[in-house]
Amino acid sequence: MNLKPPPPFSCTYSPNFPELLYGLECTIALSTYQAGKIILISAVDTERLIQLPRSFDRVMGIALQGNRLALAAKDEVIVLVDDPRLAPKYPKNPGVYDALYMPRATFYTGQVDIHDLSWTDEGLIGVNTSFSCLMRVSDRFSWEAFWRPPFIDQLVSEDRCHLNGMALVGGQPKYVTALGTKNTRQGWRQTLPSGGILMDIESNEVLLSNLSMPHSPTFIEKDLYLLLSATGEIIRVNQSDRTFEVIKKLDGFVRGMAFYNDYLFVGLSKLRQNSSTFKHLEMAKLADKSGIVVLHLPTSSVVAELTYQTSVDEIYDVQIIPGKRRPGILNTMSSLHKYGISIPEGTFWAKEIL
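Be aware that the sequence shown starts at 27, since it is given in my numbering, and climbs by one per residue.
FYI, nobody ran anything at the bench for these hints, they're computed from the structure. Worth double-checking, as some hints may not be accurate.
[Stated by the list, open to error] Straight-line Cα separation of at most 30 Å, BS3-like style, residue types lysine-lysine; simulated pairs:
{"id": "1", "residue 1": "311", "residue 2": "275"}
{"id": "2", "residue 1": "100", "residue 2": "364"}
{"id": "3", "residue 1": "118", "residue 2": "364"}
{"id": "4", "residue 1": "296", "residue 2": "115"}
{"id": "5", "residue 1": "274", "residue 2": "296"}
{"id": "6", "residue 1": "296", "residue 2": "311"}
{"id": "7", "residue 1": "315", "residue 2": "377"}
{"id": "8", "residue 1": "274", "residue 2": "248"}
{"id": "9", "residue 1": "296", "residue 2": "100"}
{"id": "10", "residue 1": "118", "residue 2": "315"}
{"id": "11", "residue 1": "364", "residue 2": "315"}
{"id": "12", "residue 1": "115", "residue 2": "275"}
{"id": "13", "residue 1": "311", "residue 2": "364"}
{"id": "14", "residue 1": "30", "residue 2": "311"}
{"id": "15", "residue 1": "275", "residue 2": "315"}
{"id": "16", "residue 1": "100", "residue 2": "118"}
{"id": "17", "residue 1": "100", "residue 2": "200"}
{"id": "18", "residue 1": "296", "residue 2": "275"}
{"id": "19", "residue 1": "30", "residue 2": "118"}
{"id": "20", "residue 1": "248", "residue 2": "275"}
[Unchecked claim] With beta-carbon atoms standing in for the labels, derived distance ranges:
{"id": "21", "residue 1": "210", "residue 2": "76", "range": "31 to 39 Å"}
{"id": "22", "residue 1": "111", "residue 2": "74", "range": "24 to 32 Å"}
{"id": "23", "residue 1": "71", "residue 2": "308", "range": "20 to 28 Å"}
{"id": "24", "residue 1": "374", "residue 2": "76", "range": "24 to 32 Å"}
{"id": "25", "residue 1": "131", "residue 2": "372", "range": "19 to 27 Å"}
All C-beta atoms, glycine included, are put in the ideal place defined by N, C-alpha and C.
Let's have the full structure, built from the sequences with the hints guiding it.
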């Protein structure tokens with residue numbers, strides 16, 4: 027008997043996952059650079075989830091602010107904007123979406139391997155991993171350097187410390203994570219997996235060192251959290267004495283974290299066994315699934331989980347779109363986005379000119 031393979035982006039999830047998402051009135055946005063997709067996960071009702079995968083080349087960082095969404099792709103940053111007036115008459119699915127993110131600007135940065143991305147009071151700031159710095163997205167240059175670690179002596183495309191994560195406090199970039207402190211080309215690989223650091227960019231001080239591949243720093247209320255990807259740990263930082271406590275250890279490679287209404291949404295990735303970066307990690311044997319784990323932060327308990335069966339092996343970023351139960355998104359690979367016209371006075375769906 028020939029069994030049909032499961033369709034692309036097939037997943038299983040705990041029965042309460044749709045109920046939780048539906049009750050929170052939000053949608054999960056995740057990026058998978060391995061599959062080249064942004065995936066929006068929404069609850070149809072309290073029993074069913076629905077996904078919308080959309081192609082963006084090697085997409086990683088996701089930045090959300092109000093009705094704006096920015097994506098760090100292979101060699102560009104794409105800014106999309108939701109005008110809710112466009113969604114009801116979207117030609118391919120009229121009356122389905124309560125938001126529709128449309129491409130409005132593309133900034134050509136070159137291939138600088140942007141990881142985390144955030145809207146800040148200083149503009150749209152990204153972690154420029156290739157040049158070991160934070161960068162401001164610019165319409166005059168490829169990008170503008172915003173900050174670099176004091177141990178990096180020049181701006182050069184050598185990925186010296188694998189700077190990856192950035193957390194904001196009060197609208198300002200405040201904390202960053204990196205996988206090493208070397209000042210040589212890809213020097214961070216020499217200290218894997220435990221050479222990672224957490225830095226305060228205002229004081230230029232290293233707050234924590236010898237971390238196991240830190241990612242996704244997130245400032246929640248008065249505390250700083252981050253993920254130790256190589257050990258599967260979610261940690262809370264004690265800044266006063268520069269220590270940390272593990273609030274939960276998961277069986278997998280954790281990367282990508284968002285907080286919403288007492289819940290942490292954490293990404294799990296399946297590690298490539300032939301990867302030069304990952305194959306020597308003890309975690310490589312455990313990291314055999316990808317998906318989303320939902321943690322109730324006040325009790326540090328896992329309350330829901332989604333696991334991919336096909337298509338998605340690696341997740342980079344996880345964000346929450348609040349107040350939207352079924353958003354849509356268009357990319358620039360199709361011409362359809364060109365027909366959605368939004369101006370202050372109104373919106374229009376233009377007819378295709380043959």
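Here is what the structure says about each hint:
1. For the hint pairing residue 311 with residue 275, the CA-to-CA distance comes to about 15 Å; that is within 30 Å, so the pair holds.
2. Distance hint between residue 100 and residue 364 is fulfilled; the C-alpha atoms sit about 22 Å from each other, no more than 30 Å.
3. Between residue 118 and residue 364 the CA atoms are separated by roughly 14 Å; this keeps the pair inside 30 Å, and the hint holds.
4. For the given pair, residue 296 sits about 39 Å from residue 115 by alpha-carbon distance, which is inconsistent with the 30 Å threshold.
5. Between residue 274 and residue 296 the alpha-carbon distance is near 19 Å, which keeps this suggested pair within the 30 Å criterion.
6. A distance of roughly 10 Å separates the Cα atoms of residue 296 and residue 311; the hinted pair therefore holds under the 30 Å criterion.
7. As the CA atoms of residue 315 and residue 377 are separated by approximately 44 Å, the hinted pair breaks the 30 Å bound.
8. For the hint linking residue 274 to residue 248, the alpha-carbon distance of about 19 Å falls within 30 Å, and the restraint holds.
9. Taking the CA atoms of residue 296 and residue 100, the gap is about 21 Å. The hint holds against a cut of 30 Å.
10. Between residue 118 and residue 315, the direct Cα distance comes to roughly 33 Å. Violation of the 30 Å bound is thereby established for this hinted pair.
11. In summary, the hint linking residue 364 to residue 315 is not supported, as the alpha carbons are separated by about 37 Å, beyond the 30 Å threshold.
12. Annotation: proposed proximity of residue 115 to residue 275 is violated, straight-line Cα distance about 45 Å (limit 30 Å).
13. A distance of roughly 46 Å separates the Cα atoms of residue 311 and residue 364; the hinted pair therefore is violated under the 30 Å criterion.
14. With a CA separation close to 28 Å, the supplied pair residue 30 and residue 311 stays within the 30 Å bound.
15. Between residue 275 and residue 315 the CA atoms are separated by roughly 15 Å; this keeps the pair inside 30 Å, and the hint holds.
16. With a C-alpha separation of about 28 Å, the suggested pairing of residue 100 with residue 118 holds against the 30 Å cut-off.
17. Between residue 100 and residue 200 the alpha-carbon distance is near 25 Å, which keeps this suggested pair within the 30 Å criterion.
18. The straight-line distance between the Cα atoms of residue 296 and residue 275 is roughly 16 Å, inside the 30 Å bound, and the hint therefore holds.
19. A threshold of 30 Å between alpha carbons decides the hint, and for residue 30 with residue 118 the separation of about 28 Å falls inside it, so the pair holds.
20. Taking the CA atoms of residue 248 and residue 275, the gap is near 22 Å; set against the 30 Å cutoff, the hint holds.
21. One distance hint, 31 to 39 Å for the beta-carbon pair residue 210 and residue 76, is violated here, with the actual separation near 47 Å.
22. In this structure the hint that residue 111 and residue 74 lie 24 to 32 Å apart at CB holds, the actual value being about 28 Å.
23. Restraint check, residue 71 to residue 308: a C-beta distance of roughly 41 Å breaks the suggested window 20 to 28 Å.
24. The beta-carbon spacing between residue 374 and residue 76, approximately 28 Å, falls within the hinted interval of 24 to 32 Å.
25. One distance hint, 19 to 27 Å for the beta-carbon pair residue 131 and residue 372, holds here, with the actual separation near 21 Å.
Checked against the numbered hints given earlier, the structure breaks hints 4, 7, 10, 11, 12, 13, 21, 23 and satisfies all the rest.
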